[in-house]
Amino acid sequence: MIEKLLERGGDLVESADVCVIGSGAGGAVAAAELAVGGRSVVLLEQGHYWTRADFTQREDEMLPRLFEEAGMRQTADGAYTILQGRNVGGSTVHNLCYAFRAPEPILRIWREEHGLSELTAEALAPSFQRVEKNLRVKQILESELNALNRIIRTGAQRLGYSGFVARHNREGCIGAGYCILGCSYDAKQSMLITYVPRASAAGARIYANARAERIEAEGGRVRRVLGSVVDHDGRPRGSLEVKAKVVVLAAGAVASPDLLLRSELANGSGQVGKNLHLHPSVMLVGFMEEPVHAYRGIPQSYYIDQFIDLEKDPHRGYILMPITGFPVLTGANLPGFGRAHFAHMAKFSRMVGLLALLHDRSAGSVESGRSLAKPRIAYRMEEGDRGQLSESLVHIAKVLFAGGAKSVLAPYWRDPLELGPGEDLSVLEQRGVQEGEIGLASTHPQSTCRMGADSRASVVNAWGESHEVPGLFLADMSVFPTSLGAPPQLTTAALADRTASHILARWPEFAA
Amino acid sequence: MDPLATDFPRTTRRGFLRLAAASASLGALAELRALPAAATSAVGETSGRFFDTTETEILTQIAERMVDSGQAAAPRLRATGAIATIDRTCRQLDPALTSLLPTALRLFEYGPFLFDWTFRRFTQLSDAEKDASLTGWMTSRFELRRLAFWALRNLSILGYYSQEESWPLIGYAGPLVRSPRPAT
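Chains as they are written, first to last, in the numbering used here: chain A, 1 to 512; chain B, 1 to 184.
These are calculated hints, taken from the structure and not from any lab test.
Take the hints with a grain of salt, since some may be wrong.
[Stated by the list, open to error] Not the full set, but computed from the structure, chain A residues with beta-carbon under 7 Å of chain B:
id, residue
1, GLN57
2, ASP60
3, CYS173
4, ALA176
5, SER184
6, PRO291
7, GLY331
8, ALA332
9, PHE337
10, GLY338
11, ARG339
12, PHE348
13, SER349
14, ARG380
We put the CB at the ideal spot given by N, CA and C, even for glycine.
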């Protein structure tokens with residue numbers, strides 16, 4: 001049962017064994033596995049329940065439907081745009097389907113530096129296998145590479161850069177290319193069409209437009225979730241109360257710490273909302289000789305890992321990924337106005353984008369803001385990270401030129417730089433990446449309620465359970481002890497699967 | 001009838017000072033920099049207009065310069081639903097984000113006088129003069145002016161490039177599914 005509270009009207013009063021907050025890569029998995037395991041489950045999602053019929057492939061309609069703050073979520077200084085889902089299925093509805101397991105060197109850091117000795121590749125393998133099966137993860141075929149990804153691969157291969165075609169969670173993809181606006185064909189195996197229906201079929205009661213605003217504990221145990229029925233703009237339309245023996249918080253690395261801080265729970269370590277990593281990204285645009293219509297086909301499938309060697313150094317590196325956009329978002333990311341702006345827009349069909357995504361050490365923070373809808377997010381790159389991202393600009397440009405670009409644009413807001421083949425690319429590293437000077441984005445905020453063995457330095461243990469509040473679990477990217485250094489969808493889902501198994505195994509203890 | 005000729009308040013030094021002072025609040029517009037990611041939604045549609053007639057005319061003349069392509073084949077912004085799309089977007093956004101937009105528009109209108117000592121309003125300038133005025137906002141050493149510029153630029157991009165008529169100009173083939181558009 002998936003119910004749109006906005007259409008039903010009135011308040012919500014519920015009780016269940018488990019209340020799951022958030023329906024993305026973590027929450028949907030936890031809800032489904034707990035329901036399949038026999039627990040009564042209520043799943044709360046503050047966003048709306050949109051389905052393929054609502055996915056119109058138009059930017060002006062889909063971005064407000066699928067993104068937090070209508071796509072306007074930013075760090076407090078406006079330097080980083082943070083894209084997070086706000087709908088049933090969470091960010092898995094708009095993501096681009098890269099499916100990676102947690103890199104072993106990162107797991108080693110988690111074991112050795114954070115005391116999470118249980119988190120071995122072997123121990124996590126059953127969870128990864130279940131998740132991969134349910135999300136139908138498979139290798140992208142050669143025939144599925146679109147023009148953009150072929151160009152980027154050609155560039156990388158000519159330079160001798162290491163790269164590969166990745167695995168995705170797609171089934172029957174027709175290559176329309178509108179993945180980021182929601183899949184109109186139900187080919188993307190997002191939580192919306194996999195784990196959410198699985199949870200529903202197992203008896204979970206799933207409520208859209210249901211915003212959790214406070215988690216209450218009593219006698220040291222979690223007891224209930226309070227909140228509001230909200231409309232599409234977040235305005236309260238009713239109240240909600242869910243009594244539960246266990247609460248699984250999976251609202252994402254921004255909303256989860258915000259909710260804990262508002263609830264004044266689980267923060268004896270002072271680490272709630274700290275250690276924010278963003279996987280910050282920066283992009284350059286290449287202009288090809290002929291139209292390539294880079295927005296058609298699977299947007300991201302090739303993956304350049306030349307500049308990240310986690311075995312050698314698990315704390316640094318960056319990945320290069322193809323990227324494309326549609327007219328409005330593309331226009332917003334190009335500099336200037338009027339005819340100078342149009343000079344770039346006129347080449348829209350010939351544009352190819354390549355971004356660098358940084359495995360960052362910089363640590364930002366999330367604090368509760370003035371309103372529930374707007375937590376305060378602070379982040380500034382430390383110099384080591386800035387140096388890497390600045391260096392990445394040179395390599396991005398090299399790949400674009402080697403792939404056949406006739407010019408490359410670095411879209412600095414005030415003084416854009418367009419370079420031709422053979423020009424000195426070191427100017428890119430010299431200009432570098434400064435907040436406010438060039439567009440920076442994040443689609444992977446993480447680590448704000450990190451896992452660890454030491455309750456003085458972390459928020460949850462290796463099973464995702466609060467060190468302080470029995471029965472309170474976290475199951476989203478906020479639990480990553482460090483930056484993951486890879487696309488996080490599968491790792492989030494696998495850790496949530498593991499957390500759900502743990503809750504089921506210990507259920508008699510929670511039921512008591 | 002030219003609405004600007006009738007609806008604008010009488011120009012006084014005090015009025016300008018009030019407008020200039022209001023610009024100190026333009027920091028809230030910083031968030032509008034990302035506005036193209038925030039557009040219209042048929043759900044939650046509200047009635048009425050966000051901008052009044054005067055503001056709409058200023059916005060239109062700003063947007064015309066922001067997306068000017070110089071191409072004879074380009075659809076005229078006024079002939080598209082661009083301004084209606086912007087208006088609808090503003091109606092549906094958090095008022096904390098949009099409440100200063102009308103003030104910002106009037107600052108742009110009086111910008112030539114306030115910043116360039118030209119005794120004409122923005123809407124009375126030639127296209128080249130309008131571009132020069134906008135460039136002044138874009139390159140200003142005052143962050144608030146620049147933020148206001150980017151907010152209005154991105155609104156203009158949102159309005160214009162979400163219109164199907166603009167897509168042939170840039171070689172965008174458009175969505176593969178068809179859906180009814182929200183009323184403007």
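Outcome of the hint check:
no.: 1; hint: GLN57; verdict: holds, 3 Å
no.: 2; hint: ASP60; verdict: holds, 3 Å
no.: 3; hint: CYS173; verdict: violated, 13 Å
no.: 4; hint: ALA176; verdict: holds, 5 Å
no.: 5; hint: SER184; verdict: holds, 5 Å
no.: 6; hint: PRO291; verdict: holds, 6 Å
no.: 7; hint: GLY331; verdict: holds, 4 Å
no.: 8; hint: ALA332; verdict: holds, 4 Å
no.: 9; hint: PHE337; verdict: holds, 5 Å
no.: 10; hint: GLY338; verdict: holds, 4 Å
no.: 11; hint: ARG339; verdict: holds, 5 Å
no.: 12; hint: PHE348; verdict: holds, 4 Å
no.: 13; hint: SER349; verdict: holds, 3 Å
no.: 14; hint: ARG380; verdict: violated, 16 Å
In summary, the numbered hints that this structure violates are 3, 14.
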